[in-house]
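Novice: Since chain P is already given, all that's left is putting chains S, V and X on it; use the hints.
Number of protein chains: 4
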Amino acid sequence: MGKTRMEAFSDAVFAIIITIMVLELRPPHQTGLAALRPLLPVFLSYALSFVYLGIYWNNHHHMLHCTRRVTGAILWANLYLLFWLSLVPFVTAWMGENHLASAPTALYGVVLLMAAIAYWILQRQILRSEGPRSLLAAALGPDLKGKISPLLYLLAIAAAFLHPGVSILLSLSGALMWLVPDRRIERALAGAESGGRAE
Amino acid sequence: MGKTRMEAFSDAVFAIIITIMVLELRPPHQTGLAALRPLLPVFLSYALSFVYLGIYWNNHHHMLHCTRRVTGAILWANLYLLFWLSLVPFVTAWMGENHLASAPTALYGVVLLMAAIAYWILQRQILRSEGPRSLLAAALGPDLKGKISPLLYLLAIAAAFLHPGVSILLSLSGALMWLVPDRRIERALAGAESGGRAE
Amino acid sequence: MGKTRMEAFSDAVFAIIITIMVLELRPPHQTGLAALRPLLPVFLSYALSFVYLGIYWNNHHHMLHCTRRVTGAILWANLYLLFWLSLVPFVTAWMGENHLASAPTALYGVVLLMAAIAYWILQRQILRSEGPRSLLAAALGPDLKGKISPLLYLLAIAAAFLHPGVSILLSLSGALMWLVPDRRIERALAGAESGGRAE
Amino acid sequence: MGKTRMEAFSDAVFAIIITIMVLELRPPHQTGLAALRPLLPVFLSYALSFVYLGIYWNNHHHMLHCTRRVTGAILWANLYLLFWLSLVPFVTAWMGENHLASAPTALYGVVLLMAAIAYWILQRQILRSEGPRSLLAAALGPDLKGKISPLLYLLAIAAAFLHPGVSILLSLSGALMWLVPDRRIERALAGAESGGRAE
Chain P
1 MGKTRMEAFS
11 DAVFAIIITI
21 MVLELRPPHQ
31 TGLAALRPLL
41 PVFLSYALSF
51 VYLGIYWNNH
61 HHMLHCTRRV
71 TGAILWANLY
81 LLFWLSLVPF
91 VTAWMGENHL
101 ASAPTALYGV
111 VLLMAAIAYW
121 ILQRQILRSE
131 GPRSLLAAAL
141 GPDLKGKISP
151 LLYLLAIAAA
161 FLHPGVSILL
171 SLSGALMWLV
181 PDRRIERALA
191 GAESGGRAE
Chain S
1 MGKTRMEAFS
11 DAVFAIIITI
21 MVLELRPPHQ
31 TGLAALRPLL
41 PVFLSYALSF
51 VYLGIYWNNH
61 HHMLHCTRRV
71 TGAILWANLY
81 LLFWLSLVPF
91 VTAWMGENHL
101 ASAPTALYGV
111 VLLMAAIAYW
121 ILQRQILRSE
131 GPRSLLAAAL
141 GPDLKGKISP
151 LLYLLAIAAA
161 FLHPGVSILL
171 SLSGALMWLV
181 PDRRIERALA
191 GAESGGRAE
Chain V
1 MGKTRMEAFS
11 DAVFAIIITI
21 MVLELRPPHQ
31 TGLAALRPLL
41 PVFLSYALSF
51 VYLGIYWNNH
61 HHMLHCTRRV
71 TGAILWANLY
81 LLFWLSLVPF
91 VTAWMGENHL
101 ASAPTALYGV
111 VLLMAAIAYW
121 ILQRQILRSE
131 GPRSLLAAAL
141 GPDLKGKISP
151 LLYLLAIAAA
161 FLHPGVSILL
171 SLSGALMWLV
181 PDRRIERALA
191 GAESGGRAE
Chain X
1 MGKTRMEAFS
11 DAVFAIIITI
21 MVLELRPPHQ
31 TGLAALRPLL
41 PVFLSYALSF
51 VYLGIYWNNH
61 HHMLHCTRRV
71 TGAILWANLY
81 LLFWLSLVPF
91 VTAWMGENHL
101 ASAPTALYGV
111 VLLMAAIAYW
121 ILQRQILRSE
131 GPRSLLAAAL
141 GPDLKGKISP
151 LLYLLAIAAA
161 FLHPGVSILL
171 SLSGALMWLV
181 PDRRIERALA
191 GAESGGRAE
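Residue numbers (the numbering used here), protein chains in the order written: chain P, 1 to 199; chain S, 1 to 199; chain V, 1 to 199; chain X, 1 to 199.
Since the hints were made in silico from the structure, they are not lab data.
Be careful, since some hints might not be right.
[Claimed, not checked] Selected chain X positions facing chain V (in silico; Cβ < 7 Å):
{"no.": "1", "residue": "Asp11"}
{"no.": "2", "residue": "Ala12"}
{"no.": "3", "residue": "Thr19"}
{"no.": "4", "residue": "Pro27"}
{"no.": "5", "residue": "Thr31"}
{"no.": "6", "residue": "Gly32"}
{"no.": "7", "residue": "Phe50"}
{"no.": "8", "residue": "Asn58"}
[As the list claims (entries may be wrong)] Each pair of labels, with its calculated beta carbon distance range:
{"no.": "9", "chain 1": "X", "residue 1": "Ala35", "chain 2": "V", "residue 2": "Ala47", "range": "22 to 32 Å"}
{"no.": "10", "chain 1": "P", "residue 1": "Ala158", "chain 2": "S", "residue 2": "Ala47", "range": "23 to 33 Å"}
{"no.": "11", "chain 1": "S", "residue 1": "Ala34", "chain 2": "P", "residue 2": "His29", "range": "29 to 39 Å"}
{"no.": "12", "chain 1": "P", "residue 1": "Leu176", "chain 2": "S", "residue 2": "Ala47", "range": "24 to 34 Å"}
{"no.": "13", "chain 1": "P", "residue 1": "Ala35", "chain 2": "S", "residue 2": "Leu36", "range": "25 to 35 Å"}
{"no.": "14", "chain 1": "P", "residue 1": "Ala158", "chain 2": "S", "residue 2": "Ala101", "range": "32 to 42 Å"}
{"no.": "15", "chain 1": "X", "residue 1": "His163", "chain 2": "P", "residue 2": "Arg26", "range": "21 to 31 Å"}
{"no.": "16", "chain 1": "X", "residue 1": "Gly32", "chain 2": "P", "residue 2": "Val166", "range": "51 to 61 Å"}
{"no.": "17", "chain 1": "X", "residue 1": "Pro41", "chain 2": "P", "residue 2": "Leu169", "range": "34 to 44 Å"}
{"no.": "18", "chain 1": "X", "residue 1": "Asp143", "chain 2": "P", "residue 2": "Ala35", "range": "35 to 45 Å"}
{"no.": "19", "chain 1": "S", "residue 1": "Leu36", "chain 2": "V", "residue 2": "Ala34", "range": "28 to 38 Å"}
{"no.": "20", "chain 1": "V", "residue 1": "Ala34", "chain 2": "P", "residue 2": "Ile148", "range": "55 to 65 Å"}
Every residue, glycine too, gets a C-beta built ideally from N, C-alpha and C.
Here chain P stands alone, though its shape is the one from the complex (with noise of 0.2 Å):
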């Protein structure tokens, strides 16, 4: 089974998720450059879910660049994953026209929790099929940062009750931790490359 129709169908789905929360950003009536000053958190909402979406390509892009076939069962995993990713777009809008309410911001952490354990299953089939000795087991390691990022989301969604901007610092520092995985990878592919030993 290839894996190309896999990537293609996932770029597509991640492109539109990506592109259609946009349309949440509706132009305001009015003319002048005060109108935009309500449309500024649904803005920052937007470009903190294009974040989030862009680190999970990226980590899908690598992950699978270390993927050699793939499975009936990898092939639910992923759509599993975009299923819950699927749903950004809405949790997105909901938070950004209510200025960070609690329940809005608690049910954007779920959605990022939810999306982290999806990630986490397609990993973990993707290394059941490799297997442990694969190059993506050498590349991940003990995979801290894939046991911390669940714990961040889980504090972020109780954070959201009590102070919803705790809560996205939370979310936010659970993506800025992830947003230097692929040296990992890269690194173990440059090994592996240059006949060494991915460590």
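Specialist: For chains S, V and X alone, kept in the frame of chain P given last:
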């Protein structure tokens, strides 16, 4: 005629259909968690249709994996399937917004039935082009599932006017039955690769 | 210059255009089957435009199959075609919501005419790049269809102000005429592959 | 790291951005041709943005054609460009619905400026990865256009508050200047293929 572009085009259409459904999930104007309750049937309809489209995409993926060349008839049979699938967001929205009323649930069954027939037509066209001794013909075998599912959808349409919940259960069983179809083709492929004959 | 990305981009645009049209099919607020009746012209307009876009995608697919290289002029001619096709959802919606009124039906014809002209320009650019002795030139032959269809669309535009039904029939005959164009190219390809010269 | 997926993802995002803009072109409720007049500025804004996105897609296509490998920094620079381009439908709609009012026209210029800067960052990242003696570096040369166009957009933003028409003309000249950029790369490629050195 290569099949690459037909796959790429179908992937894009699948991705768009599966994703625009989420646009029906409008963020509520209130900010309490209670405001999400009226969205529950819309969300469940979305999840159900996501699974359906995922199944179709998976089966489409597997069937085309066994297809060596694409004729004009296959291109049109594929477009005909995509036409019926493109109506899924519409019937999903109608059903979701009306809490499983009879007519929307019946129409949902009609679209599933037409899509099942269109998939069967596409399969016939590919089988005609590949020949009766092809890998695909061996993988499909007597194709019991392909014959039972239209009956299930017909029952689901009739049941919608008596008890919409039963109708949804019938449609669901049609979906669950298809959740494992790839195994036939995966087994046949594995058999072919190991030199044996697909049983 | 490879043609892969131009094909991939065009496929995505075709897929989006063909799919966003269905967003015009708004689920009615009532739940009876009678509530679907006002949607019938919208549905029929959608089906008609789906067929048109399917024909364009099919012809585009076949024409690019015979194209060996892509120039800057071809890229822009392709974008120009996609521009006019991108207006199809707009004119489809206007026509569908107004039960074949004169002006929307005429505008539908105008967009079809402009798309036909844009397709002809794209074909000219590809022929110029491929040369008069190319496979595509042989496959197209005197290209009667390419010359008749703009006339049909012009008649359809004029007829819209007298009798919109006749206008739609003229557009439809223009479509039906194109439903079999691939055969020319398929035959030429088969001829070329069997060593002979495409007639 | 292959560039295929980055190209495929970018193509899909470009295709969606360019196509969802047309959703702003709402079919009027009246049926006369006069009902189209208020849509004219919306249509012209759409056409202008279509050309802009077409230019970006074309240049992106050519630049990546000369790119041999993709780093993490290039992936993020690409996402940053797509972020700003994804705001084009929003500013196009605001400008189109307000008949070239000052603030929307200025914001249109801001988004064009940010996209131009993002494109320049992407180009820098690719040049850093490819090296100063690469085909791309030779093709770009002193890159006068890349240096002039941000200035033009800055002027366009300032002019929007004095005379929006002049602002649009400045933006347009920035676009027209870029309508032929591919020739540099096409020429360099042709030179490289014929054994010579790209000048």
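Novice: Each hint: holds or not?
Specialist: Hint check results:
no. : hint                              : result
1   : Asp11                             : holds (5 Å)
2   : Ala12                             : holds (5 Å)
3   : Thr19                             : holds (4 Å)
4   : Pro27                             : holds (4 Å)
5   : Thr31                             : holds (4 Å)
6   : Gly32                             : holds (6 Å)
7   : Phe50                             : holds (6 Å)
8   : Asn58                             : holds (6 Å)
9   : Ala35/X <-> Ala47/V: 22 to 32 Å   : holds (25 Å)
10  : Ala158/P <-> Ala47/S: 23 to 33 Å  : holds (26 Å)
11  : Ala34/S <-> His29/P: 29 to 39 Å   : holds (31 Å)
12  : Leu176/P <-> Ala47/S: 24 to 34 Å  : holds (31 Å)
13  : Ala35/P <-> Leu36/S: 25 to 35 Å   : holds (30 Å)
14  : Ala158/P <-> Ala101/S: 32 to 42 Å : holds (39 Å)
15  : His163/X <-> Arg26/P: 21 to 31 Å  : holds (27 Å)
16  : Gly32/X <-> Val166/P: 51 to 61 Å  : holds (57 Å)
17  : Pro41/X <-> Leu169/P: 34 to 44 Å  : holds (42 Å)
18  : Asp143/X <-> Ala35/P: 35 to 45 Å  : holds (37 Å)
19  : Leu36/S <-> Ala34/V: 28 to 38 Å   : holds (32 Å)
20  : Ala34/V <-> Ile148/P: 55 to 65 Å  : holds (57 Å)
Violated hints are absent here; each numbered hint is respected by the structure.
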